[in-house]
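Enquirer: Line order of the protein sequences matches chains A and B.
Quick note: the first sequence uses this note's numbering, first residue 1, plus one each step.
Quick note: the second sequence uses this note's numbering, first residue 1, plus one each step.
Mixed in with the good hints there might be a few duds.
[Claimed, not checked] Pairs of lysine-lysine, DSSO-like flavour, derived with a Cα cap of 27 Å:
#, chain 1, residue 1, chain 2, residue 2
1, A, 73, B, 369
2, A, 100, B, 427
3, A, 292, B, 369
4, A, 102, B, 277
5, A, 102, B, 369
6, A, 281, A, 304
7, B, 369, B, 405
8, A, 160, A, 44
9, A, 100, B, 405
10, B, 144, A, 73
11, B, 222, A, 73
12, A, 100, B, 110
13, B, 277, B, 222
14, A, 102, B, 141
15, A, 124, A, 24
16, A, 102, B, 222
17, B, 286, A, 73
In case anyone wonders, no lab produced these hints; they're calculated from the structure.
Listed here are the chains, written in short residue letters.
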Amino acid sequence: MKKLLILIAISLLAIPFIRAEEKKLNILTTTPDLKSITEEIGGKYVNVTSICLGNQDPHFVEAKPSIIAYARKADLFIVIGLELEVGYEALIIEGSRNTKIKPGTDGYLDVSEGVLLLEVPTCKIDRSMGDVHPYGNPHYWLDPYNIRIIAQNISNRLQKIDSAHPAEYQTNYQTFVKKIDEAMFGVQALAKVDGDKLWEMELSGKLEEFIKEHQLQLDGWKRKVQSLRGMKIAIFHRSWSYFTNRFGLVVGGEVEPKPGIPPGPRHLKDLIKKIKLENVKVILMEPFYDRKSSDFVADKTSAKVVVSPISVGGEPAVKDYISFIDTLTNRLLEAITIK
Amino acid sequence: MKYIIILFILLLPLLALPADDDNQFSLIPQNISQTSAGRYFQSFNPDISLIVDTFYHRDSSREGIAHIFEEVSGFGHVCTSKNHHHGPDKGFNMNHMELYFSANADPYFKGWGIAAVEEEGAEMEEAVIQTTALPYGLQVKVGKFFSDIGRINPQHSHSWDFTDQPLIYRLTFGPHGLNDKGAQLSWLLPTNFYMFAGVETFQGNNEAMFNYIGDESGLPIKSGPRIFTSWLKFAPNIDNPNHALQFGLSYGRGLHQEEHDGNADGEMDHWLNGYTKFCGVDFVYKYDDLRAYGVGDINLQGEYFRREKDLTIKNHDLKPTLIGKHKQENQDGYYLQATYGFLERWRLGVRWEQIGLINKIDLPNGTSKSPDGSNRLSVMTDWTLTEFSRLRIQCARGNYELDGKDKKVTEFYIQLQISLGEHGAHKF
Numbered sequence: 001m002k003k004l005l006i007l008i009a010i011s012l013l014a015i016p017f018i019r020a021e022e023k024k025l026n027i028l029t030t031t032p033d034l035k036s037i038t039e040e041i042g043g044k045y046v047n048v049t050s051i052c053l054g055n056q057d058p059h060f061v062e063a064k065p066s067i068i069a070y071a072r073k074a075d076l077f078i079v080i081g082l083e084l085e086v087g088y089e090a091l092i093i094e095g096s097r098n099t100k101i102k103p104g105t106d107g108y109l110d111v112s113e114g115v116l117l118l119e120v121p122t123c124k125i126d127r128s129m130g131d132v133h134p135y136g137n138p139h140y141w142l143d144p145y146n147i148r149i150i151a152q153n154i155s156n157r158l159q160k161i162d163s164a165h166p167a168e169y170q171t172n173y174q175t176f177v178k179k180i181d182e183a184m185f186g187v188q189a190l191a192k193v194d195g196d197k198l199w200e201m202e203l204s205g206k207l208e209e210f211i212k213e214h215q216l217q218l219d220g221w222k223r224k225v226q227s228l229r230g231m232k233i234a235i236f237h238r239s240w241s242y243f244t245n246r247f248g249l250v251v252g253g254e255v256e257p258k259p260g261i262p263p264g265p266r267h268l269k270d271l272i273k274k275i276k277l278e279n280v281k282v283i284l285m286e287p288f289y290d291r292k293s294s295d296f297v298a299d300k301t302s303a304k305v306v307v308s309p310i311s312v313g314g315e316p317a318v319k320d321y322i323s324f325i326d327t328l329t330n331r332l333l334e335a336i337t338i339k
Numbered sequence: 001m002k003y004i005i006i007l008f009i010l011l012l013p014l015l016a017l018p019a020d021d022d023n024q025f026s027l028i029p030q031n032i033s034q035t036s037a038g039r040y041f042q043s044f045n046p047d048i049s050l051i052v053d054t055f056y057h058r059d060s061s062r063e064g065i066a067h068i069f070e071e072v073s074g075f076g077h078v079c080t081s082k083n084h085h086h087g088p089d090k091g092f093n094m095n096h097m098e099l100y101f102s103a104n105a106d107p108y109f110k111g112w113g114i115a116a117v118e119e120e121g122a123e124m125e126e127a128v129i130q131t132t133a134l135p136y137g138l139q140v141k142v143g144k145f146f147s148d149i150g151r152i153n154p155q156h157s158h159s160w161d162f163t164d165q166p167l168i169y170r171l172t173f174g175p176h177g178l179n180d181k182g183a184q185l186s187w188l189l190p191t192n193f194y195m196f197a198g199v200e201t202f203q204g205n206n207e208a209m210f211n212y213i214g215d216e217s218g219l220p221i222k223s224g225p226r227i228f229t230s231w232l233k234f235a236p237n238i239d240n241p242n243h244a245l246q247f248g249l250s251y252g253r254g255l256h257q258e259e260h261d262g263n264a265d266g267e268m269d270h271w272l273n274g275y276t277k278f279c280g281v282d283f284v285y286k287y288d289d290l291r292a293y294g295v296g297d298i299n300l301q302g303e304y305f306r307r308e309k310d311l312t313i314k315n316h317d318l319k320p321t322l323i324g325k326h327k328q329e330n331q332d333g334y335y336l337q338a339t340y341g342f343l344e345r346w347r348l349g350v351r352w353e354q355i356g357l358i359n360k361i362d363l364p365n366g367t368s369k370s371p372d373g374s375n376r377l378s379v380m381t382d383w384t385l386t387e388f389s390r391l392r393i394q395c396a397r398g399n400y401e402l403d404g405k406d407k408k409v410t411e412f413y414i415q416l417q418i419s420l421g422e423h424g425a426h427k428f
């Protein structure tokens with residue numbers, strides 16, 4: 001008994017030393033996209049773990065004991081918000097007993113603040129409509145514009161909670177945003193015009209005029225997907241709304257009859273009709289859903305099934321946000337060029 | 001049998017549920033809006049939810065499975081006082097309607113209340129005040145609540161993988177499990193892997209295992225708390241995202257009193273006082289195939305409990321010579337269950353249970369007996385249409401040892417449950 005007490009006393013004494021050694025911020029994110037961005041901005045000052053993997057459905061993740069153990073020592077918990085994580089967020093925060101990461105504190109960051117939102121319900125919703133999200137579609141990270149805002153939210157918060165390295169975070173943030181802007185509009189355009197200005201034009205729909213007026217050379221995703229503009233596609237789940245909205249694709253059908261509800265035969269029959277009628281070329285789907293329904297529809301129509309990750313890490317080659325959007329756009333382009 | 005067929009026919013239209021594919025979702029406009037700080041609907045109302053859980057039950061015994069349970073050798077005949085009837089009845093049954101309220105009270109406390117509403121009235125299933133701001137991973141919970149011992153005990157019945165309780169729970173802790181007024185201190189240890197420990201103390205009102213009669217026929221008066229329990233749960237870190245594993249250990253000890261009607265004349269004639277001890281181990285393993293709607297997912301779960309009763313005869317109207325003599329009982333039991341997602345939203349489950357592997361009763365007259373054990377095999381299939389509704393069919397075949405007689409009973413359940421409102425997610 002005495003020995004045990006001494007042992008406990010020694011281990012208690014050791015706690016402050018263990019803490020002193022660890023200078024890095026421990027950060028827990030819900031999705032791998034948030035992890036990737038946080039690592040780019042936090043650099044060597046952060047340790048980041050993501051709850052959800054790139055090939056997992058971010059709606060349904062279990063609050064595993066190992067995640068709770070990690071959350072106990074987290075300095076910051078970053079979430080997508082808009083009830084995407086409603087099934088596990090509270091279990092992790094409460095289960096970890098970590099008062100630092102409670103909502104409302106500096107250790108909790110909902111990066112949806114200020115993002116451009118789609119599909120915000122304007123009528124009364126209830127669960128007979130499937131998995132509808134009362135604050136809007138939560139898959140907003142598929143719009144590169146929102147990635148800039150997410151990065152800004154993360155950078156601001158890191159600067160606030162770690163006052164030792166604000167300049168580094170700011171620099172990393174600017175580098176990251178520049179990378180995204182270059183990937184979006186091309187290096188040459190960015191060399192002549194500020195990224196913010198280009199986005200302002202993009203959001204107001206005046207980008208083309210602006211490009212002509214200033215004799216810029218548009219490159220990047222914006223040019224790459226020009227051939228896809230106006231193309232009709234069918235989607236499995238509404239994970240793609242932000243992507244189609246940004247790049248001008250038109251959703252002409254959904255494999256799910258309602259969000260979160262797998263299709264039945266009647267719906268697939270209607271979908272086949274719709275795809276034929278609207279000349280839909282591609283059925284775009286997430287990697288975690290069963291291909292069976294999409295393949296069935298593709299078989300009966302001329303549409304092709306395209307499977308793409310919806311997150312960083314969804315496939316081994318998809319290591320960051322830029323390679324993620326590259327992969328997604330490449331898959332779509334391949335599908336329409338290869339007959 | 002013909003009624004079951006009729007019931008099946010009545011429920012048959014349920015299978016057509018997915019055929020309803022009206023695209024109501026298009027009611028929701030695809031508009032664009034910039035978010036602002038105030039976009040969350042703000043209110044101080046608690047989360048409110050309601051679980052409606054109904055099932056149809058049949059079994060092959062004449063008297064009903066609930067009566068069989070009361071006769072199982074070594075586990076039955078525990079206490080005849082305040083004995084209110086517990087099902088299932090043959091035919092339609094309602095599991096209690098669970099009405100749940102939960103909210104943070106202030107920066108320091110969170111509270112929740114669960115009313116178990118039954119046809120005859122409501123019971124307080126849980127009423128809890130829990131700290132939210134203690135340092136070092138500590139938490140204190142007081143009120144009335146389910147003990148965190150074991151795996152199934154803290155879970156509410158609607159989140160179980162089978163319709164009914166495992167035998168070892170039903171026949172040791174009773175139909176409500178270990179649920180009592182008391183206090184709990186728990187600690188999430190600062191280890192790199194998950195390690196969670198707790199101690200609890202309860203008033204001591206559990207009909208089956210920690211019964212208190214009090215001031216009667218030589219029984220001592222003992223104020224609460226009369227039960228002490230402790231538990232430890234730990235989970236190794238597994239890097240592979242497909243797997244998760246957790247183990248648990250539980251221990252408890254508490255005062256136990258019994259009164260019996262030895263000559264069955266309707267009057268109690270001997271009274272015993274002493275204590276019950278139990279210890280248990282449990283594990284759960286989950287395989288997540290990372291596919292939508294639970295396809296390919298596997299859950300394995302098992303629990304083993306052993307309990308010891310050590311009682312002294314305090315008064316005996318028929319055989320006064322036995323006063324002061326001991327009665328000791330030693331029993332155990334386990335269940336092992338597995339579920340597998342064989343189709344989108346469909347699971348198949350098997351549960352094997354045994355009780356009384358150890359079943360030793362040392363009687364006050366110096367003799368002892370070791371009745372045989374009992375066992376049961378259950379098979380279920382359930383269809384989780386969404387997170388908020390589930391349909392389940394379950395069949396079971398049990399061999400029960402009833403005072404030297406072997407009784408075989410087949411059970412059958414059809415269960416339908418829905419969950420309304422804001423109901424917190426279920427723990428791992």
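Enquirer: Could you check the structure against the hints above and give me the numbers of any it violates, in ascending order?
Expert: 1, 3, 4, 5, 9, 10, 11, 15, 16
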